[in-house]
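Chemist: Sequence:
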Amino acid sequence: MFFFGDYFMYTDKILVKSIQLASEKYYYLKGEPQNLFFFLTTIFYLSCIYYFSRLVIRSIQSKSPRKIVISSSVSILFIFSNIYDVFIDIGIIQSIFLTEYAVTAIVLLLSIDLLLNFYLGYQKQTALSVITKSFEEMIQNIDLYVFRYDENGNITFFNKFSEKELSFDDNNLHRPLEEFFTIEEKEGDDLNFRLTVKSKTYKVIEGTRVSVYLSPKNKESYIIGYEITQRLTHQKKLTETLDQLQKVTKQLEEENTFLKETKFKGKNKPSVLVVDHNFSMSVESEIKRIANYKSTVLIHGNEGAGKTYIANQIIKYGDRSEKPQIVYNCHSTLKSVFNTKYYEDSVFTQGYNKSILDVANGGSLVLENIHYLSDDDQIYLLDLLKQLDESDDQKYDVRFIATTNQNLRKLATEGKFNFELYHFLSIYRIHLPDLKRRLSDIPYLVEVFVDSYCKKNNIPQFKVSIATIKKLQAYHWPENIKELKYIIHRAINNSKGKTLKLYQFDEYIEEHKEGESQFLSLDDQEKKYILKVLKYCNWKVSGKNSASELLKINEATLRSKMKKLDIKKV
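Quick note on the UniProt record's numbering: the sequence shown kicks off at 1 and runs consecutively.
Rather than coming from a laboratory, the hints here were simulated on the basis of the structure.
Keep in mind that the hints are not guaranteed to be accurate.
Unchecked claim - Across the chosen pairs, the derived CB separations fall in these ranges:
1. P65 x L144: 41 to 51 Å
2. S62 x L232: 47 to 57 Å
3. F80 x L120: 26 to 36 Å
As the list claims (entries may be wrong) - Derived DSS-like pairs: lysine-lysine, alpha-carbon spacing no greater than 27 Å straight-line:
4. K198 x K160
5. K341 x K354
6. K527 x K564
7. K540 x K527
8. K535 x K569
9. K569 x K455
10. K316 x K535
11. K544 x K527
12. K498 x K485
13. K563 x K540
14. K323 x K294
15. K535 x K561
16. K386 x K410
Quick reminder that beta carbons are idealized off the backbone N, C-alpha and C, glycines included.
With the hints as extra help, turn the sequences into a complete structure.
Modeler: Structure, rendered in structure tokens:
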């Protein structure tokens with residue numbers, strides 16, 4: 001050991017230094033701390049800083065000034081004293097260690113906080129006792145039925161009102177509720193229900209479950225209710241009266257209501273009710289029979305006769321109902337349907353920028369007004385049908401359904417339509433006569449339209465009176481089934497009650513008399529023609545296959561005329 005002033009050495013590397021503090025001399029090791037000491041010290045104090053930071057944040061979140069002050073003071077004392085002592089250890093500061101003093105202060109602060117918590121808890125317990133006493137007094141003196149029950153449903157308490165009204169006594173305690181009441185739960189409601197007293201005196205109580213928490217773990221369950229016996233008696237009498245009234249009303253309605261099971265046969269005169277819908281039933285039967293055939297179908301009928309509806313029904317009942325379904329309206333302005341890109345809006349968005357056959361492949365293609373198909377497209381379609389007829393291994397697997405309001409045979413004979421294509425299309429042919437030629441179908445069609453429209457729009461089903469059917473059969477229906485469908489939909493939207501009422505039908509007939517003047521003003525004639533074109537093009541104003549293209553005028557001119565002539569989509 002060697003002495004050098006205030007130093008003395010044990011070895012050649014370790015020095016011990018002395019320091020005089022007050023009346024005492026202290027000795028400590030002198031040397032450079034190792035890197036591990038720095039690392040562990042850093043980790044320790046970072047952890048402490050994180051812990052006390054979280055402590056302060058939680059006290060701030062509690063919004064308690066007391067907790068904020070105490071947690072902040074404890075954090076500052078602990079962190080400051082320990083950092084201060086470290087500086088002493090490494091020789092930066094020469095002073096006494098503060099940790100033991102800081103710990104004393106921290107213990108004192110935490111003790112104060114604990115005592116305050118006890119005091120506040122005592123205050124809360126006192127307040128809860130006062131509230132509990134007030135609650136017990138209230139439920140004892142309230143003029144409502146009050147029962148307390150345990151987790152097993154046994155009665156543990158009832159108030160004075162219940163005791164008086166139900167003649168309860170101590171013998172009713174600790175016995176199940178179901179022993180004295182029939183409990184009627186309300187569907188979808190766990191809180192409210194009805195209690196019917198099981199005694200000679202008929203009483204019904206409208207009850208509500210109430211939970212009272214005396215502490216987080218101490219819950220009391222109550223039933224609070226009021227008597228509704230008299231109200232239910234009145235309601236029952238009222239319901240019985242209404243039921244009798246409804247029965248009488250129903251009988252009156254049935255006497256004047258068209259029953260679909262009843263069939264009356266007679267001549268197709270306006271004054272005679274005709275419900276023998278053999279044509280529609282036979283067509284529906286045929287549709288179901290041929291629905292899965294691969295052969296083409298040609299549907300012929302005048303404007304509005306229901307050609308598109310029949311085409312959709314064929315697809316609906318067939319095995320391609322979930323496959324692509326394309327309806328294309330042919331017209332003379334487009335010279336190539338099959339060899340151009342198909343851009344029409346469709347649910348099958350993958351068909352964008354493909355040919356119409358690519359889009360319809362595997363499904364069905366309805367060609368409306370096929371008599372307008374260009375010569376080139378007729379030849380192309382004929383070749384395609386021949387290929388489909390000769391071999392199953394083809395690029396396209398499409399079922400073709402064609403509609404027309406023209407006499408295709410006559411057009412083919414006159415050289416205006418490909419004769420061979422006509423034969424391929426006519427493999428199976430459906431002819432739809434005008435509605436005025438088959439008035440017997442009106443009851444059936446009305447039933448279909450009412451059922452479909454009501455289900456689609458979530459409207460209660462309407463009954464149809466005999467008078468309504470007679471009135472519909474008395475009209476000549478120049479626009480066929482499409483016009484009937486419009487009349488029925490308008491009637492549904494304007495009818496009140498359970499029976500369908502035709503809306504302003506007499507006025508409508510006056511406006512559409514068969515003998516109306518054949519001479520119209522220039523504006524009326526133009527309006528009528530533009531309307532016809534717009535309907536033909538499905539109200540498409542611009543772009544390909546549009547009304548402006550068919551009329552050979554630009555879009556702005558067409559819209560100007562529509563505004564001037566008050567043409568709006570119906």
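Chemist: Please verify whether K316 and K535 have alpha carbons no more than 27 Å apart.
Modeler: holds (24 Å)
Chemist: Compare the distance between the alpha carbons of K563 and K540 with 27 Å, and conclude whether the hinted pair is satisfied.
Modeler: Roughly 15 Å between the alpha carbons, so the hint for K563 and K540 holds.
Chemist: Would the hint linking K544 and K527 be met if the CA-CA limit is 27 Å?
Modeler: holds (22 Å)
Chemist: Is the straight-line distance between the alpha-carbon of K386 and that of K410 27 Å or less?
Modeler: holds (23 Å)
Chemist: Given the hint that K535 pairs with K561, does the C-alpha gap stay at or below 27 Å?
Modeler: holds (16 Å)
Chemist: Given the range 26 to 36 Å, decide if the beta-carbon distance of F80 to L120 lies inside it.
Modeler: Given about 29 Å between the Cβ atoms, the range holds.
Chemist: Hint check: K498 vs K485, CA-CA at most 27 Å. Holds or violated?
Modeler: holds (19 Å)
Chemist: Sort out whether K527 lies within 27 Å of K540, counting only the CA atoms.
Modeler: holds (16 Å)
Chemist: Check the hint pairing K569 with K455 against an upper bound of 27 Å on the C-alpha distance.
Modeler: holds (24 Å)
Chemist: Is the distance from the Cβ of P65 to the Cβ of L144 consistent with 41 to 51 Å?
Modeler: Since P65 and L144 have Cβ atoms about 43 Å apart, the given range 41 to 51 Å holds.
Chemist: Keeping to a limit of 27 Å between CA atoms, is the pair of K527 and K564 held or broken?
Modeler: holds (10 Å)
Chemist: Tell me if the straight-line CA distance from K341 to K354 falls inside 27 Å.
Modeler: Given that 27 Å is the threshold and the Cα spacing comes to 5 Å, the pair holds.
In summary, the structure agrees with every hint in the numbered list given earlier.
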